[in-house]
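Visitor: Chains as they are written, first to last, in the numbering used here: chain C, 1 to 300; chain U, 1 to 300; chain R, 1 to 300; chain W, 1 to 300.
No wet-lab data here; the hints were simulated from the structure. Keep in mind that the hints are not guaranteed to be accurate.
Copies of the same chain look alike in the list, so a pair counts if it fits in one copy or across any two.
[Stated by the list, open to error] Subject to a maximum C-alpha distance of 35 Å in a straight line, what follows is the list of computed DSBU-like cross-link-like pairs (lysine-lysine):
no., residue 1, residue 2
1, 114, 66
2, 114, 154
3, 66, 154
Small disclaimer: the values here were computed from a predicted structure and weren't measured.
There are 4 protein chains.
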Amino acid sequence: MNSNVPFRGIIAYPITPFTADNAVDLPTYRRLVERLVGSGSHGIAPLGSTGVLPYLTDEERDAVTKATLQQVAGRVPVLVGVSHLTTTGVVRHARFAEQAGAAGIMVIPMSYWKLTDNEIFQHFDRVASAVSVPIMAYNNPATGGLDMSPTLLKRLLEIPNVTMIKESTGDVQRMQALRQLLGEDVAFYNGSNPLALAAFAAGATGWCTAAPNLAPELTMGLYEAVQQQDLTAARQLFYQQFELLQFIVAKGLPRAIKAGLELLGEQAGELRAPLQPLTEAEQQELGRILDRVQVPATAG
Amino acid sequence: MNSNVPFRGIIAYPITPFTADNAVDLPTYRRLVERLVGSGSHGIAPLGSTGVLPYLTDEERDAVTKATLQQVAGRVPVLVGVSHLTTTGVVRHARFAEQAGAAGIMVIPMSYWKLTDNEIFQHFDRVASAVSVPIMAYNNPATGGLDMSPTLLKRLLEIPNVTMIKESTGDVQRMQALRQLLGEDVAFYNGSNPLALAAFAAGATGWCTAAPNLAPELTMGLYEAVQQQDLTAARQLFYQQFELLQFIVAKGLPRAIKAGLELLGEQAGELRAPLQPLTEAEQQELGRILDRVQVPATAG
Amino acid sequence: MNSNVPFRGIIAYPITPFTADNAVDLPTYRRLVERLVGSGSHGIAPLGSTGVLPYLTDEERDAVTKATLQQVAGRVPVLVGVSHLTTTGVVRHARFAEQAGAAGIMVIPMSYWKLTDNEIFQHFDRVASAVSVPIMAYNNPATGGLDMSPTLLKRLLEIPNVTMIKESTGDVQRMQALRQLLGEDVAFYNGSNPLALAAFAAGATGWCTAAPNLAPELTMGLYEAVQQQDLTAARQLFYQQFELLQFIVAKGLPRAIKAGLELLGEQAGELRAPLQPLTEAEQQELGRILDRVQVPATAG
Amino acid sequence: MNSNVPFRGIIAYPITPFTADNAVDLPTYRRLVERLVGSGSHGIAPLGSTGVLPYLTDEERDAVTKATLQQVAGRVPVLVGVSHLTTTGVVRHARFAEQAGAAGIMVIPMSYWKLTDNEIFQHFDRVASAVSVPIMAYNNPATGGLDMSPTLLKRLLEIPNVTMIKESTGDVQRMQALRQLLGEDVAFYNGSNPLALAAFAAGATGWCTAAPNLAPELTMGLYEAVQQQDLTAARQLFYQQFELLQFIVAKGLPRAIKAGLELLGEQAGELRAPLQPLTEAEQQELGRILDRVQVPATAG
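Using the sequences and the hints given, assemble the complete structure.
Guide: What follows is the structure in structure tokens.
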């Protein structure tokens, strides 16, 4: 691992908890970050989709960035989400993250109007010129509203400090096409939880996931099994957590992780409207899934 | 027309022009609004997708709202876009628009995380409780990221001041299903330019469109022909502008309207990054389309 | 109307009924064809999707073709479906239909392997060379498995006796694009029942539909209202049958028409497996829809 | 391996070659089958999509079935495709295949009208009742026109001799869902070439593929590497053939395999219209891909 590609393995995404009066609850947030570091995550990624980045004000984003870096305190690298609808906004947050000590920043080209490939390239290029920290280009049509082709991603990697790609289309063929197009040295990361096993098989450098909030032994265990080429163990660990991964994706990560943390006895704060908690029935279903996940894990 | 449904016919969408140093260019904006009123639009809708609502700060949005109402000065009703990712944000902008004198407000449930039907209902309900101005619920999966079913839209109409629906899925069957489900008194508006004729045939109350910036005689003419049950004339006027409607949708309304205005000799300001102007070739194509649109119009 | 474009208005599709021992029930079929002619249909189209063309043997198809032409006996033009997976097969059935007296033949490029544009062109060209009867090119990705672009359809129209296009994608914009690309003289037909009103507004020459089996006054009435430019009446007649059109499409035309005919007191024979009758609950739903459709029609 | 699940590993699909006058070329066919057996395939599957099953007459299908079983002569198990649009047709071909000595039969519920889950179940149930040979249920929406859900596939497996599932949606999550729903003993096969590595990682019993016609060392090598848990080797072998797998899928298996065989110096007969050979440019591209595939294979 070099300084241009400072992430590998399990990159864990904390949620952003809110107080009853709709402010960011930083003390609770720091406890949740500490849990992720303590359970062995190889990196921490604040202000992702899980962290409801687009629902936060600029000042709230700054506070979360600072709190993360203080709490992690250099134990693992921190990847800060700096996306914004305007290019000017991304530059502002990218600079703040760099100054705060982020090892890398993540940029998803958020859309409202569909951007052309050229607009996306200019967007990344202007951000990259403003900082020297490595950049992870993040493709997630379902949340960002734009689908960056492998060809465009290849072009983005020509920008010197764009060194990493996070793929969340949910299609393993897209990762394979990236690997094919870019060679085996490309650092690509899987952001689609149900594809964790397939992505590692395809050569992913890491897995960007909120699952370590709820089942860290399984997420870390899967990565270790793949590292040791123990495909049988990897497969067994993957299927053990597959139902949980499907659930948290289907229900939305912020809602599902908050509910899961509370079922595990952790304080997880409130959601920010329009997001609402899982229904009672959904919480019970998650409880049953967590029970099934935990039992074999402690037995294993 | 009653005060609960203050819009009919052609509701025109201005772009938001920017200065060279990335500020909102209010003088240019007011001239563009004046053009739309002067050419016979039946309503003005600032801060829509065409007006790059999501790329503006709260303060910029306030300034555009005030400038619109001052410029229009009661000649036609004004429909202000007040969407925001958070519920709190929508309430803030809804109140501002009401106090500024808007005849109605438009809310698209912007997504990042897919919202559940219940979250969307709560979102609208909280906004509706905070104001008394009529609300247009806007469905546009392509820009908003969420698709509200006819069933959900029916439920939203049970909120007293949610009285209008704007449908922009691009599927006329959706409008027909709404009309079927809600009865012939429902006020539904077409927001998909290439469906203008089909939507009026299906019973749409109005057409929300940026096209009057470039071809007002044709947009207004289509509405009048439909009103007079002259289907032959309506069809002829529609196909005369169909190529233009396809172009502005395909290229993105802010980019295409800006380019078109300049081709027509109007100042239209700058775009805000990441949006970039049309390429030279695209501008030439638009020029040819505008030539074809204009010639028969002056001849007819 | 000229001999190259022998169809306009309502082109009615009979089902193909089967006996209890899985043979084509020709006497019942002829009665159903007679009903369609008697209720004012402007054309009859055997061996379409409604007639379960792909489930019939070559000999059964020949028998249905002959029976149709004998029963119709020149009162209205007959459009025979001659599609087959192989080019040789289409040529065989096209020749048979021409010799039997069809006014036109319909060809949908059935797929299994997706065909290239060039393969589709060759397919039509070889069929067109083998007969002199006018050909309707039929685009229906949902049943045929292939989507022919407006550009490809334009190319097909360059083949001398390919003179008509039937569009069943369910997207009125596709018809508009055809009309835009091909000029107002193109003969295009709507094959998507829920788009009947929008398609006529867009300039369709005819509507290919199985609905006259169940509500002939409404289908013929809609066409007449459009001819007389009475948009209000057309809209009222359309919404009166819209629920029925949605139902028969959603449940599959052969199943739904058979069930509807029986609810109306007609014998409609058996379906051929794997097709099965509608469930009891579906039949009851259709009964309620037919009741609602009939009452206003007799009152109006 | 037991007699209910007689297939594992690489199940190879021959094309069906035709003579210049459009007849099945059985001598060429038998040579192509011999090549597949000789290069180590673990099973042979005539009359699949690759073998253009739907373009053949009943008599041609019988002849291909017999020729395959005679040529293979018990060296590996044979899986005969017996699909037909009608239930009666499937029963007929299923009985023929069983009597001819097939170890299993494959049924894809071919559509024209979308079939309901109940119709699909009845279809399989009637076929299964007519034979005692094990049945592989094949899901491939792209060619068959129907998408069978994991839940429906689970229901099909309750029919005693439906014992295997072939999944070709191209989505590895579907295979994972099957494995999750059905337990680790389910025999599922991957029919999507670009998913070969991901499917084996997910636990697939076998890979149904036409690729052994062109690169048997790589297909067989991938399976062996997975068996030996050598993930690094498996990944290397997969990427070595990935470009080829993408190409043959994108261009259509019958066209691409025929062209590839000829580039490798084999006679491969003609295609049946409407299928046409690859263009010259496509053949050259395939030639370059085959060159790249071969070189490392001989070096490795």
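Visitor: Does each hint fit the structure? Answer for all of them.
Guide: Going down the list of hints, with the structure as the test:
Taking the closest pair of Cα atoms, residue 114 and residue 66 come within 35 Å of each other both inside a single copy (32 Å) and across two copies (28 Å). Taking the shortest alpha-carbon separations for residue 114 and residue 154, both the intra-copy value of 20 Å and the inter-copy value of 29 Å come in at or below 35 Å. Proximity of residue 66 to residue 154 under the C-alpha cut-off of 35 Å is restricted to the intra-copy arrangement: shortest distance 32 Å within a copy versus 45 Å between copies.
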